[in-house]
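A.B. asks: What follows is the residue order along each chain.
Number of protein chains: 2
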Amino acid sequence: VNKFVLNLITEWRRLELPFAGETIVVAVSGGADSLALLLALDELRERKKLDLRIVAAHFNHKLRGRESDADEDFVKDLAAERSFELAVGHGNIPKEGNLEQNARNARYEFLLSTAKNLNAGHVLTAHTMNDQAETFLLNLIRGSGLDGLAGMRTVREFRSGGVVENEGETAQLVLPLQQSSRIDSETPSLPHSSTPPLLTRPLLRWAKREDTENYCREMGVEFRYDTMNEDMSFKRVRVRKMLLPMLKEFNPKIVETLAKTAELMAEQLGTPSPTGPDDGRQMPKELSIQELSRLEPPQLRQTLRSWLGQHRGGLRSVGLKHIRAIEQLAFSTKSGRVAELPGFGRVRRSNGRLSFENIKVDK
Amino acid sequence: VNKFVLNLITEWRRLELPFAGETIVVAVSGGADSLALLLALDELRERKKLDLRIVAAHFNHKLRGRESDADEDFVKDLAAERSFELAVGHGNIPKEGNLEQNARNARYEFLLSTAKNLNAGHVLTAHTMNDQAETFLLNLIRGSGLDGLAGMRTVREFRSGGVVENEGETAQLVLPLQQSSRIDSETPSLPHSSTPPLLTRPLLRWAKREDTENYCREMGVEFRYDTMNEDMSFKRVRVRKMLLPMLKEFNPKIVETLAKTAELMAEQLGTPSPTGPDDGRQMPKELSIQELSRLEPPQLRQTLRSWLGQHRGGLRSVGLKHIRAIEQLAFSTKSGRVAELPGFGRVRRSNGRLSFENIKVDK
Chain A
3 VNKFVLNLIT EWRRLELPFA GETIVVAVSG GADSLALLLA LDELRERKKL
53 DLRIVAAHFN HKLRGRESDA DEDFVKDLAA ERSFELAVGH GNIPKEGNLE
103 QNARNARYEF LLSTAKNLNA GHVLTAHTMN DQAETFLLNL IRGSGLDGLA
153 GMRTVREFRS GGVVENEGET AQLVLPLQQS SRIDSETPSL PHSSTPPLLT
203 RPLLRWAKRE DTENYCREMG VEFRYDTMNE DMSFKRVRVR KMLLPMLKEF
253 NPKIVETLAK TAELMAEQLG TPSPTGPDDG RQMPKELSIQ ELSRLEPPQL
303 RQTLRSWLGQ HRGGLRSVGL KHIRAIEQLA FSTKSGRVAE LPGFGRVRRS
353 NGRLSFENIK VDK
Chain B
3 VNKFVLNLIT EWRRLELPFA GETIVVAVSG GADSLALLLA LDELRERKKL
53 DLRIVAAHFN HKLRGRESDA DEDFVKDLAA ERSFELAVGH GNIPKEGNLE
103 QNARNARYEF LLSTAKNLNA GHVLTAHTMN DQAETFLLNL IRGSGLDGLA
153 GMRTVREFRS GGVVENEGET AQLVLPLQQS SRIDSETPSL PHSSTPPLLT
203 RPLLRWAKRE DTENYCREMG VEFRYDTMNE DMSFKRVRVR KMLLPMLKEF
253 NPKIVETLAK TAELMAEQLG TPSPTGPDDG RQMPKELSIQ ELSRLEPPQL
303 RQTLRSWLGQ HRGGLRSVGL KHIRAIEQLA FSTKSGRVAE LPGFGRVRRS
353 NGRLSFENIK VDK
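These protein sequence lines are chains A and B, in that order.
Per the working numbering, residue 3 is the first one in the first sequence, and the count goes up by one each step.
Per the working numbering, residue 3 is the first one in the second sequence, and the count goes up by one each step.
None of these hints come from the bench; they were simulated from the model.
Since the structure is predicted, the reported quantities are computational estimates derived from the model, not experimental observations.
Accuracy of the hints is not assured; some may be wrong.
Chain copies aren't distinguished; within one or between two, either way the pair holds.
Calculated cross-link-like contacts (lysine to aspartate or glutamate; reagent style EDC-like; alpha-carbon spacing at most 16 Å) [what the hints assert, rightly or not]:
1) LYS323 to GLU258
2) LYS5 to GLU45
3) LYS237 to GLU342
4) LYS51 to GLU13
5) LYS243 to GLU83
6) LYS97 to GLU220
7) LYS237 to GLU251
8) LYS210 to GLU258
9) LYS250 to GLU18
10) LYS97 to GLU288
11) LYS262 to ASP149
12) LYS237 to GLU258
13) LYS78 to ASP149
14) LYS237 to GLU102
15) LYS118 to GLU251
16) LYS323 to GLU265
All chains should be built: construct the whole structure from the sequences, respecting the hints.
C.D. replies: Next comes the structure, spelled out in structure tokens:
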């Protein structure tokens with residue numbers, strides 16, 4: 003068996019992914035990474051190592067005109083050739099704001115709805131150590147704090163981001179095996195699982211981009227190149243094409259080193275709570291400053307985040323500087339009696355306690 | 003008062019450095035950073051904000067021939083002009099191994115012995131945010147793990163490193179105020195403090211290199227340039243002159259961002275124990291694997307390090323991969339019964355327990 007396939011099945015076991023009787027969705031762009039993942043899963047299925055319903059999911063962002071459509075055709079042809087089930091979504095990506103972010107949100111919404119329609123417990127994406135190293139550097143450069151240095155997680159719960167309203171998206175589901183039957187009408191009687199699917203990245207910890215490309219070549223399968231990967235107006239492309247090559251002059255194994263560092267960071271921080279910054283502790287309505295003063299800075303910040311998250315109903319737009327402002331409010335004699343939060347809400351100090359006031363702050 | 007001096011006194015308070023009645027040693031190379039620190043302390047002393055005995059300490063590494071001696075003369079002249087006490091050491095740096103590391107060890111040994119001779123509780127070095135950003139990147143690139151990402155600590159206990167035998171060093175102490183009296187003969191009756199001095203970096207959290215240069219210029223004081231700072235055969239110089247400029251194109255505040263990230267990392271990891279990896283817990287002779295299995299990875303590793311440090315008498319040459327090998331020994335059914343450590347010693351698993359064997363491993 004090919005080394006790539008062996009590594010995949012080893013990681014599959016470690017991640018406790020299912021071996022039989024379930025449906026998984028595999029995000030496929032047509033590039034080397036996602037094709038390698040799909041082909042390796044196909045090989046494992048043929049060798050009877052896996053007995054799963056594997057559905058490829060391709061999202062056409064419609065951002066590169068004929069090139070986007072050619073990618074879609076390419077994936078459709080491959081699915082037909084290899085007898086893969088395929089779900090295809092078409093995006094109407096909002097042009098306002100961060101285009102990459104909007105495209106990602108639309109794609110993830112499509113993957114989530116596909117998984118829900120299929121009652122799939124897992125969505126796999128083919129991010130590699132290279133993607134992890136790039137994400138680490140991008141987060142480091144923008145000063146994202148320690149959580150950003152943990153990079154992408156190998157497994158996380160897959161929820162609707164809610165960042166972008168994605169009304170323009172239409173999910174066109176193509177199933178070569180059951181031609182033109184829509185998945186959501188195919189399984190109408192099955193109750194949807196109440197637990198959200200997991201987003202899992204089974205290549206993240208061990209595969210490099212050259213591994214996926216080599217495996218595709220060995221399998222005699224062409225892969226698509228995304229011309230956006232050459233567009234130096236994207237920070238990620240500049241990190242890949244300028245920064246990483248310079249770092250490689252210092253350390254030829256820089257990709258592995260950065261990916262490993264992200265993994266250590268994720269271990270250090272622990273698994274992020276599925277419900278977000280609210281870590282499940284029931285927080286009191288008011289916090290005693292005396293009790294807060296006994297906490298070490300990381301615990302203090304975590305407590306303030308949890309408390310705010312619960313009483314404010316989320317931490318949207320609340321950054322480290324706001325948490326620090328609340329620390330100052332609590333412990334500095336020079337600060338005022340109120341710390342205002344972005345968007346809405348404020349924290350008040352009185353009688354040695356902090357309380358949250360859920361009002362809209364006038365500008 | 004100058005902003006640089008204001009920032010220094012603010013940090014001085016935060017670090018709980020002494021204001022009167024004590025002796026502090028200030029490491030002075032002759033470059034902008036250390037001169038700015040010394041001049042700012044002089045200003046604070048003249049303004050009666052500080053009432054301390056301030057002794058400048060210059061170590062001539064003798065690595066750059068006449069340039070090194072010119073640096074020494076420059077610092078001597080400045081000390082005479084400004085009526086600073088000055089201690090000068092001359093180094094005989096071993097040429098084998100890492101020259102930068104050897105030079106640093108010799109310098110730190112000199113600073114430590116100077117502080118001990120003077121009964122000084124604090125040695126100050128003038129490392130800036132730029133040094134911190136460079137250290138962070140160097141550690142990141144070489145894959146030092148999370149501790150390296152905490153960078154230099156603002157305060158640490160100052161012990162003899164013991165890494166390099168530094169027999170060639172001769173400390174020639176020059177005291178302009180008490181000409182040619184040697185400090186160690188000057189204070190023979192004072193018992194040396196039993197607590198080691200603290201190494202404190204009062205510029206690390208807020209000053210940039212341009213701040214120290216600007217302050218020197220404002221004070222009308224020339225500073226020395228070290229030609230080694232231009233030598234691209236040093237990794238640190240390449241980080242400063244090639245990598246940081248590229249990162250600056252992504253984020254103009256990259257130095258501040260990296261220094262802040264190091265600070266967050268140091269907070270997350272907690273203060274390193276003064277006694278090193280041994281965190282003060284009395285560790286049992288043997289460790290129960292069942293009890294180890296209840297720990298989260300970071301705590302597990304910390305426990306293994308503490309245990310090894312205590313029973314092996316230090317963690318010299320023990321890296322993450324050796325700690326991981328011990329984890330494997332404990333938890334993997336496939337591993338053998340012994341994990342060997344670099345240099346000497348090994349860990350044995352038997353009857354569900356780990357024990358340390360203090361023997362030299364045959365190669």
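A.B. asks: Failing hints, ascending?
C.D. replies: 3, 5, 6, 9, 10, 12, 13, 15
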